[in-house]
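Build the complex from these two chains, which are given one at a time in their own frames, with help from the hints.
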Amino acid sequence: DAKTTQPNSMESNEEEPVHLPCNHSTISGTDYIHWYRQLPSQGPEYVIHGLTSNVNNRMASLAIAEDRKSSTLILHRATLRDAAVYYCILRDDPNTGTASKLTFGTGTRLQVTL
Amino acid sequence: DTGVSQDPRHKITKRGQNVTFRCDPISEHNRLYWYRQTLGQGPEFLTYFQNEAQLEKSRLLSDRFSAERPKGSFSTLEIQRTEQGDSAMYLCASSSTGGINTEAFFGQGTRLTVV
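Chains as they are written, first to last, in the numbering used here: chain A, 1 to 114; chain B, 115 to 229.
Don't read these hints as lab results, they were simulated from the structure. Possibly wrong hints are sitting among the right ones.
[To be verified] Some chain A residues flagged as far from chain B (calculated, every beta-carbon gap over 10 Å):
(1) Thr5
(2) Met10
(3) Glu15
(4) His19
(5) His49
(6) Ser61
(7) Ser70
(8) Thr79
[Said to hold, decoys possible] Taking beta-carbon pairs under 10 Å as the criterion, some of the chain B residues facing chain A (in silico):
(9) Val118
(10) Ser172
(11) Ser176
(12) Leu205
(13) Phe219
(14) Gly223
Each residue gets a CB set at the ideal place from its N, CA and C atoms; glycine is no exception.
Extracted from the complex, chain B is given alone in its bound form (with noise of 0.2 Å):
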């Protein structure tokens, strides 16, 4: 496994276009994360999956992105309708539950840049 792996890892868009990112998790593990990170802020969450289940999303998560995990393993987050205040970078996590090691491992990113 070669950890958590997002498509693309750059994205540019014109204000009003829809898009729509991919995280594949690290395989075992039955939670996933997304997060929104600006220039100079640490990440701030969006929301989480327990395997298929949407458990927790945050009031940053306006009602123009939509997160999917649908057979609990690969996540799709869609924006749509895109405003420039949407460009940052979007960072997907994912760990696991029971035992021990239940760190979150995050992927590196997808870069996007509303113009």
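Looking at chain A on its own, in the form it has when it is part of the complex (with noise of 0.2 Å):
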């Protein structure tokens, strides 16, 4: 599985966008990014996941540069609820890939303060 690279920490205002980042210049043409985040003491739950284009949904946004090596997450008003451990995850396609799972690393713990 190919690696990725994120801060361990960051901090922000709540109220305040958040921009996490994530390297992945060893990303194969077939790989997906994905994103999860994991409250403490819960299990990880989804954020969201993107091939080449932006993409957005309700709880965030996902900018994936153009030659595909970085992407980052984006938190467009952080609030106390979204302090967590960030993971940015490559997935092969889950409907024709065999590599199904995913491979967490250590993640980027957020924290957001008054």
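The structure is reproduced here in structure tokens:
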């Protein structure tokens, strides 16, 4: 599985936008970029994923570099409930690829303060 | 459907005992995964099933670990002769294949403490 690199931790003020970076310089053409987050004492939860184009959903936006070697998860207005560990994961197409599993790194711990 | 459920939520056992955990996935999901997570680390993949077939096992899954999904619905993870190093959170996840909604949904995990 291709590896990703994320900062260990980041801080944000509540109500401010947060940009969480991820580097994946060895990404292959069939790898999707997935983001999951893990709130304290919870299992991970899906946030967003994309292949080439930027993606938006109700939770966040995903900006993907043109060369696909990096991406940024954007939380438009951080709240205290967004404090979590955010994982950037490369995953083969689960419909056609054989590498169905998610391979987690250590993620970015996001702290949100008032 | 209330999502992925795991039982028990907590288990304390003595070293050398056997333990079994259960995972009930989201009902229409055909894929089921087991992960292990220790403090400060991301979840580590153990194994996954598509329907009742176990398609991949990690090297982390020693001979003392066995997982089953006999009818392609719920799954069990058994650890025999537990060791203190087995203390961790054991997470189960499920997903579907086909279509666009293939994200994995995780349960809240079973926290195992081996004393």
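To see whether the hints hold, each was checked on the structure:
1. Consistency note on Thr5(A): stated as away from chain B, and its beta-carbon is indeed over 10 Å from all of that chain's, at 13 Å minimum.
2. The claim that Met10(A) is not at the interface with chain B holds, since no C-beta of that chain comes within 10 Å of its own (minimum 16 Å).
3. A cut-off of 10 Å between C-beta atoms confirms that Glu15(A) is not in contact with chain B; the least separation is 28 Å.
4. Remark: the non-interface label on His19(A) is consistent with the geometry, its nearest Cβ contact in chain B lying 21 Å away (cut-off 10 Å).
5. At roughly 7 Å, the least C-beta separation between His49(A) and chain B is not larger than 10 Å, which violates its mark as non-interface.
6. With a closest Cβ-Cβ approach of about 17 Å to chain B, Ser61(A) is found to remain outside the 10 Å limit, as its non-interface label requires.
7. Listed as a non-interface residue, Ser70(A) keeps its Cβ farther than 10 Å from every Cβ of chain B; the least gap is roughly 19 Å.
8. Residue-level check passed: Thr79(A) sits 21 Å from the nearest beta carbon of chain B, beyond 10 Å.
9. Residue-level restraint check for Val118(B) holds (minimum Cβ-Cβ distance to chain A is 8 Å; threshold 10 Å).
10. The restraint placing Ser172(B) at the interface with chain A holds, with a minimum CB-CB distance near 9 Å, inside the 10 Å limit.
11. Because the closest C-beta pair between Ser176(B) and chain A is about 18 Å apart, greater than 10 Å, the hint is violated.
12. The closest approach between the C-beta of Leu205(B) and any C-beta of chain A is roughly 5 Å, which is under the 10 Å cut-off, so the hint is satisfied.
13. The beta carbon of Phe219(B) is positioned within 10 Å of a beta carbon in chain A (closest approach about 7 Å), and the interface hint is therefore held.
14. At about 5 Å, the closest approach between the beta carbon of Gly223(B) and any beta carbon in chain A falls short of 10 Å, and the interface hint on this residue holds.
Checked against the numbered hints above, the structure violates hints 5, 11; every other hint is satisfied.
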